[in-house]
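Peer 1: Fit chain B to the supplied structure of chain A, relying on the hints for placement.
The lines below spell out each chain.
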Amino acid sequence: MTNPQMVMYEEEFNQIQAIVVRLVKEANARVVFVIDKNGQEIAKAGETDQLDTTSLASLTAGNIAATGGMAKLLRENEFTTQFHEGERANIHIQIVGNRVILVVIFDSKTSLGLVRLRVKKASEELNQIFEALLRKVQDPNRETPFAEITDDDIDNLFND
Amino acid sequence: MSFINVLSREINCKIVYYGPGLCGKTTNLQYIYNKTNPDAKGKMISLATETERTLFFDFLPLALGEIRGFKTRFHLYTVPGQVFYDASRKLILKGVDGVVFVADSQIARTEANLESLENLRTNLAEQSYSLDKLPYVIQYNKRDMPSVAPVEELRELLNPNRVPEFEAIASTGVGVFETLKAVAKLVLTEVKRQAG
Chain A
1 MTNPQMVMYE EEFNQIQAIV VRLVKEANAR VVFVIDKNGQ EIAKAGETDQ LDTTSLASLT
61 AGNIAATGGM AKLLRENEFT TQFHEGERAN IHIQIVGNRV ILVVIFDSKT SLGLVRLRVK
121 KASEELNQIF EALLRKVQDP NRETPFAEIT DDDIDNLFND
Chain B
1001 MSFINVLSRE INCKIVYYGP GLCGKTTNLQ YIYNKTNPDA KGKMISLATE TERTLFFDFL
1061 PLALGEIRGF KTRFHLYTVP GQVFYDASRK LILKGVDGVV FVADSQIART EANLESLENL
1121 RTNLAEQSYS LDKLPYVIQY NKRDMPSVAP VEELRELLNP NRVPEFEAIA STGVGVFETL
1181 KAVAKLVLTE VKRQAG
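Protein chains in written order, with the working numbering: chain A, 1 to 160; chain B, 1001 to 1196.
Only true hints are included.
In silico lysine-lysine, PhoX-like type, Cα no more than 20 Å apart, as pairs:
| hint | chain 1 | residue 1 | chain 2 | residue 2 |
| --- | --- | --- | --- | --- |
| 1 | A | Lys37 | B | Lys1090 |
| 2 | A | Lys37 | B | Lys1094 |
| 3 | B | Lys1192 | A | Lys136 |
| 4 | B | Lys1181 | B | Lys1041 |
| 5 | B | Lys1041 | B | Lys1185 |
| 6 | A | Lys25 | A | Lys44 |
| 7 | B | Lys1185 | B | Lys1071 |
| 8 | B | Lys1192 | B | Lys1071 |
| 9 | B | Lys1071 | A | Lys44 |
| 10 | A | Lys44 | B | Lys1043 |
| 11 | A | Lys109 | A | Lys25 |
| 12 | B | Lys1133 | B | Lys1094 |
| 13 | A | Lys121 | A | Lys44 |
| 14 | B | Lys1185 | B | Lys1133 |
| 15 | A | Lys72 | B | Lys1094 |
| 16 | B | Lys1090 | A | Lys72 |
Don't read these hints as lab results, they were simulated from the structure.
If we strip away everything but chain A, and leave its shape as in the complex, we get (with noise of 0.2 Å):
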């Protein structure tokens, strides 16, 4: 079965949000979060406390995928940039190294060259983060965060 897991370890995720945290003020942005390309939430910074982030981290993922699809059918490879205008919030969308998306929030305190340029910078330190994290996965000699739990765990929680 080709589907692995992605398991995120303190070491990692500290990295990761470190970066976020920094690219919101650095963009001078209103938020930033990280997710996978199915929609789970990573990493996320900022005015968060006002958003459904768990909404906009499935609707972007679902965003990506179709337009991956559409690159395909262009036989592009992917789009890996995505920027929506609004009148008050903008959204900038970036791939990052074919496996997670960085999305950045902001409004007209700050301007798309800057968000740009900040970016770029984080997307290549992120993907040296997610490289080595997908290198940790993979080792046979991982820890195993699930593995201490029994299938009597497993049927417990569907008992009532």
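Peer 2: Same frame as chain A, but now just chain B:
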């Protein structure tokens, strides 16, 4: 592809409801949404046409409780059932951890069920998945309709491998949570198997 966050002790999985047009995939999700405690669910998103046919997908994030301190979170998706939305269906299957095939029990929909199941197999195979290896359950929906096929007949046609199967009337909730629990359990068992 399940996603385990060691730091927050969360496991996230993706379940896709598949089946022919108007078989009740969205109705399953709507019932789950309506009957779930607000703390355990997020917003349900439906990307639908003006006539309320699913255009791209429905999405419902759901928490099903904790296992030894691991929060289990499931992202439920439906696909658009109409035949011409095949490109979208393929996209939604990406990274799937478990599948519910919702069959329409009405005799008139026999052909549509078979076609959709074949389409599911084809679309999974394109991504190197196999329905025979994936956590997978079948729901025979619309049992309250006149002229439904007997379950034995549906089983013979749609469930040769005898995966867990459930009779349902999704509009009133019959069989909806039984189906969800069965697939969620299979998914977690598979995650555990891969981890161990």
